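Engineer: Heads up: the sequence lines are chains A and B, in that order. Residues 1 to 139 (my numbering) are what the first sequence spells out, left to right. Residues 140 to 278 (my numbering) are what the second sequence spells out, left to right.
Think of the hints as simulated: they come from the structure by calculation, not from any bench. Just so we're clear, the structure is a prediction, and the values are computed from it rather than from any experiment. Heads up, the beta-carbon is just placed ideally off N, CA and C, and yes, glycines get one too. Errors might be hidden in some of the hints.
[Unchecked claim] Cβ pair distances, simulated, as ranges:
no.: 1; chain 1: B; residue 1: V245; chain 2: A; residue 2: G116; range: 25 to 31 angstroms
no.: 2; chain 1: B; residue 1: A174; chain 2: A; residue 2: S68; range: 27 to 33 angstroms
no.: 3; chain 1: B; residue 1: S207; chain 2: A; residue 2: A35; range: 26 to 32 angstroms
no.: 4; chain 1: B; residue 1: P168; chain 2: A; residue 2: G116; range: 27 to 33 angstroms
no.: 5; chain 1: A; residue 1: N36; chain 2: B; residue 2: P168; range: 32 to 38 angstroms
no.: 6; chain 1: B; residue 1: V245; chain 2: A; residue 2: G25; range: 35 to 41 angstroms
no.: 7; chain 1: A; residue 1: G102; chain 2: B; residue 2: P228; range: 42 to 48 angstroms
[Said to hold, decoys possible] Derived coverage of chain B by chain A (criterion: at least 3 residues anywhere in the stretch with Cβ under 8 angstroms from a Cβ of chain A; other residues may be distant):
no.: 8; region: 158-171
no.: 9; region: 176-188
no.: 10; region: 192-205
no.: 11; region: 257-266
2 protein chains.
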Amino acid sequence: MNGTATIGRIDHVGIAVRKIEEALGRWTPWLGAPANPLEEVPTQRVRVAFLRVGESRIELLEPTQPDSPVGRFLDQRGEGLHHLAFTVPDVDAALAEVARSGGRLVDTRSRPGAGGHRVGFAHPATYGGVLVEFVEAHP
Amino acid sequence: MNGTATIGRIDHVGIAVRKIEEALGRWTPWLGAPANPLEEVPTQRVRVAFLRVGESRIELLEPTQPDSPVGRFLDQRGEGLHHLAFTVPDVDAALAEVARSGGRLVDTRSRPGAGGHRVGFAHPATYGGVLVEFVEAHP
Numbered sequence: 001m002n003g004t005a006t007i008g009r010i011d012h013v014g015i016a017v018r019k020i021e022e023a024l025g026r027w028t029p030w031l032g033a034p035a036n037p038l039e040e041v042p043t044q045r046v047r048v049a050f051l052r053v054g055e056s057r058i059e060l061l062e063p064t065q066p067d068s069p070v071g072r073f074l075d076q077r078g079e080g081l082h083h084l085a086f087t088v089p090d091v092d093a094a095l096a097e098v099a100r101s102g103g104r105l106v107d108t109r110s111r112p113g114a115g116g117h118r119v120g121f122a123h124p125a126t127y128g129g130v131l132v133e134f135v136e137a138h139p
Numbered sequence: 140m141n142g143t144a145t146i147g148r149i150d151h152v153g154i155a156v157r158k159i160e161e162a163l164g165r166w167t168p169w170l171g172a173p174a175n176p177l178e179e180v181p182t183q184r185v186r187v188a189f190l191r192v193g194e195s196r197i198e199l200l201e202p203t204q205p206d207s208p209v210g211r212f213l214d215q216r217g218e219g220l221h222h223l224a225f226t227v228p229d230v231d232a233a234l235a236e237v238a239r240s241g242g243r244l245v246d247t248r249s250r251p252g253a254g255g256h257r258v259g260f261a262h263p264a265t266y267g268g269v270l271v272e273f274v275e276a277h278p
């Protein structure tokens, strides 16, 4: 697989927040209101809102439990940039490509993420401290 | 000014790295090589490389001095996501809008950034821990 050809665009930039309603108050004057209502993603133990910006989105993430990945992130680092998501045609193929090239993974297989799209995370160690998510390409 | 109308797209996502050549080795298999050679931005005391992804770019930032904003970021937080840049038609107007709405600024006026484009930074406190950069709209 030629990895270069598989990344389509930045699907979204994930931002960890303590209170999603407060965060929306900061962002919606610039980006407009979310197209969809707040969504709970049980597999990641977060409530999320997506704000469209060009071909990408900003994802605001509020943990639903303190002892969750985003809850621990907030404890350790505070609010701020959390992850970077790229569209790929095939999430499982992208994860396999990371593993084949010696990278570490959070998810060895894709799973359902926000909006029901297939997603999968590489480990931050693979991309120099950046938590990278692959999201199946969608409109 | 209606802020909602002024954000065009994600211009780039800035990633702080210790060695830009090593970071390019991680990212170019996915995103392809930089369109332009490495560039030094004296006003920010960094060397940068931009990798195109869709309508946006990934900016890799290596500090040229330890006692610089990105150098201190690396000391305190390590490598990883550093800032989020949006295109706006007028950087000074965007900075003025942040100030008018009670936000804090790093730059009260725009200044030349990478590629010679006008840029300006809001303070992370304004956007819940996210360092936001405004970049004048360009092709």
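Engineer: Taking the numbered hints from earlier one at a time, note which ones the structure violates and give those numbers from smallest to largest.
Structural biologist: 1, 2, 3, 6, 9
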